[in-house]
Amino acid sequence: MTHVLVVEDDMATAREIEAALQDHGFEVTLAHDGREGILKAISSPFDLIVLDRMLPQVDGLGVLTAIRAAGNATPVLVLSALGTLDERVRGLQAGGDDYLTKPFEFIELTARLDALIRRGQVQRPVQQSNELKVGDLVIDQVRRTVQRGERKITLLPREYALLHYLAEHADQVVTRTMLFEAVWDYAYDERTNVIEVHIGRLRKKLESDGESALLHTIRGSGYVLRAS
Amino acid sequence: MSSVRLSEIPRTSGFRTGLLFLLLFGASFLGLFGYTYWKTAIYLKQEVDANLHRQIDSRSAQSPEVRLQEMTRHAEQDREGRVPHTLFAPDGKVLAGALQAMPAAPALDKPDEFRWDKPTGGHRPIRFIKHALSDGNILVVAQDVYDIHEFDELLVQALASGGALLLLVGLFGAVWLGNATRLRLNSLSAAIKRIVEGDLSRRLPIKGSLDDIDRIATVVNGMLDELERLMSEVKGVCDDIAHDLRTPLTRLIAGLERAQRRGLDEREHAQVIDSAMADAKGLLSTFRALLRISEIEDSVRRSHFAPVDLNRIGEDAVEFFEPLAEERGIRVRLIGSQEAAVISGDPQLLFDATCNLLDNAIKFSPDQSVITVEVVRANKTVALIVTDEGPGIPEAEREAVFRRLYRSESSRHTVGNGLGLSMVAAVARLHELALEVSDANPGCIITIKGRELAH
Chain A
692 MTHVLVVEDD
702 MATAREIEAA
712 LQDHGFEVTL
722 AHDGREGILK
732 AISSPFDLIV
742 LDRMLPQVDG
752 LGVLTAIRAA
762 GNATPVLVLS
772 ALGTLDERVR
782 GLQAGGDDYL
792 TKPFEFIELT
802 ARLDALIRRG
812 QVQRPVQQSN
822 ELKVGDLVID
832 QVRRTVQRGE
842 RKITLLPREY
852 ALLHYLAEHA
862 DQVVTRTMLF
872 EAVWDYAYDE
882 RTNVIEVHIG
892 RLRKKLESDG
902 ESALLHTIRG
912 SGYVLRAS
Chain B
1057 MSSVRLSEIP
1067 RTSGFRTGLL
1077 FLLLFGASFL
1087 GLFGYTYWKT
1097 AIYLKQEVDA
1107 NLHRQIDSRS
1117 AQSPEVRLQE
1127 MTRHAEQDRE
1137 GRVPHTLFAP
1147 DGKVLAGALQ
1157 AMPAAPALDK
1167 PDEFRWDKPT
1177 GGHRPIRFIK
1187 HALSDGNILV
1197 VAQDVYDIHE
1207 FDELLVQALA
1217 SGGALLLLVG
1227 LFGAVWLGNA
1237 TRLRLNSLSA
1247 AIKRIVEGDL
1257 SRRLPIKGSL
1267 DDIDRIATVV
1277 NGMLDELERL
1287 MSEVKGVCDD
1297 IAHDLRTPLT
1307 RLIAGLERAQ
1317 RRGLDEREHA
1327 QVIDSAMADA
1337 KGLLSTFRAL
1347 LRISEIEDSV
1357 RRSHFAPVDL
1367 NRIGEDAVEF
1377 FEPLAEERGI
1387 RVRLIGSQEA
1397 AVISGDPQLL
1407 FDATCNLLDN
1417 AIKFSPDQSV
1427 ITVEVVRANK
1437 TVALIVTDEG
1447 PGIPEAEREA
1457 VFRRLYRSES
1467 SRHTVGNGLG
1477 LSMVAAVARL
1487 HELALEVSDA
1497 NPGCIITIKG
1507 RELAH
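Quick note, the sequences are listed as chains A and B, same order. If you're matching positions, the first sequence starts at 692 in the working numbering and goes up one per residue. If you're matching positions, the second sequence starts at 1057 in the working numbering and goes up one per residue.
Hints may be right or wrong, so weigh each one.
Said to hold, decoys possible - Partial pick of chain A residues on the chain B-facing surface, computed with a CB cut under 7 Å:
# : residue
1 : A873
2 : Y877
3 : V888
Quick caveat, the hints were computed from the structure, so don't treat them as lab data. For glycine and all other residues, C-beta sits at the position ideal for the given N, C-alpha and C.
Based on the provided sequences and hints, a complete structural model is requested.
This is the structure:
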């Protein structure tokens, strides 16, 4: 079971995060200030750390620096009410693996945590195959071709990039924000409806008449590529 | 300005500068005049002495008889006693000449002066040289130097009165300058005081002479313009925020209260929660957009600027929006410039701004129309132009549309928070780009243009 340390000083928020993560199937440990966060992070192993940016005692970035200095490489997602781009860059530079601005939707949090875990696991087995497979969908990463069963699918470069990211995170919820950040070279700016249209186009190409659904929309603002 | 405090004058910079110049001018006046006086006086005396020496030479060369004869004749001719040369016997008896007695002199052949009491009455200053002649007689050559003394005196008087005049005029000048400075500063500080008290429309007075105070006042006035704009914007924004946030908040609370009041079934509960969440998210997105704009307006961001090709920005934005437009049969046309159109900027912000323009264009375009995004590079100027075939923006609203939270009557019922164009305006301001709205008849043309980055 995935064990997550949540360092968050606001009790109500901490409890909501705990509930959401438990619903998602994670085991949660809470810490309410920076010092407690450092102690817990160092004393026992966690799979993930969710760290608030502004904390009493030791500030979030201080906690991050301390954990990293202690040789702990646990993936850290930084939560912050400070949404500016500069803050974001600072958070990532201090050793954070991802950055999420408050307020956020829980689907966004869990999707990003899933991605972080996955990233940690993918690093171990070096990719042996040129192909990514999801059900009967085959993506040739070298030739950049896509095939579903016997049917060849022609994609525009951006559609290929979208599909590739979704396939890399197959069976995992990916939010529009994550897609935008990964596929377009720009940071997220609420234009979810546009992403939706791009996904709609891609879906039309992936699922022609009679074929089973492959690209599913998740209530809220996410998608998942999954063989049904 | 009401309290005219003259005691302030000596402390003003004008007065002090005036005084300093008076001092400098006085010193150079004294130096110049003193030198002239000294040179003139010495010159005149030297002339007299040279003349006396010439007399001695010519008299010495004569035989004693001729000398006596000529000197007697000279004394008869010089009745005024202007040049009273006199010949004395070794015992001091007058042989010929006007002087009654041998003047006392410390040495022979050295010029000296004495006061001659004339036998006709009155006395005159006389410069003379005593010379022992070869026949044992003593020759005294002399010249009346009253005129020279008079001239010296006049010169000194002129110096004194000129100096006094200089001092007077200089002092008056300094006071006048000091007073002018004081009045100028009084009017400036009065204006500043009014501004501090809250009259932000007030400006510092400018004389128009482009002097140093004018230049400072011009700069300060520019600062005040910006300050006034910001203040009015803040005020306008506060009013608009109050209005724009209160409306969805009221709706949200009303919905929740209704749910609380009535016994609702599960489906209705879910509906209420959905609409409450939609309202809350709308509020959040408005907040986020507002924060975003104030973040952009922080010019510290300029330090992150890098060369950006507007063609790339245009391409990315068009590519991103093209599917959305296609859903309504709108064609988005991209006309790039032949060469790269590079400016110094933040690609993220420029992309966001272009997206906002495209988003608006799509929102207001009729179905099956064409939107053009054009990148132009000419004469060291680059521009990104978005043209649509929508209703356009009436001339009267062209400035207002860039204000935060402004919604024109025609757009009040479309989706949006009224922040899209003000975000564009903020990005343009940060990049020092000009933002123009014009008419495409029908449609709207929005141009962002600025100076090309020098290679």
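Hold the hint about A:Y877 up to the distance rule: shortest CB distance to chain B must be less than 7 Å. At about 5 Å, which falls below the 7 Å cut-off, the nearest Cβ of chain B leaves the hint on A:Y877 intact, so it holds.
When the least beta-carbon distance from A:V888 to chain B is tested against 7 Å, hint result: 4 Å, holds
Just to be careful: measuring from the Cβ of A:A873 to every Cβ in chain B, is the smallest value less than 7 Å? 14 Å, violated
Hint check: a violation occurs at hint 1 only; the rest are consistent with the structure.
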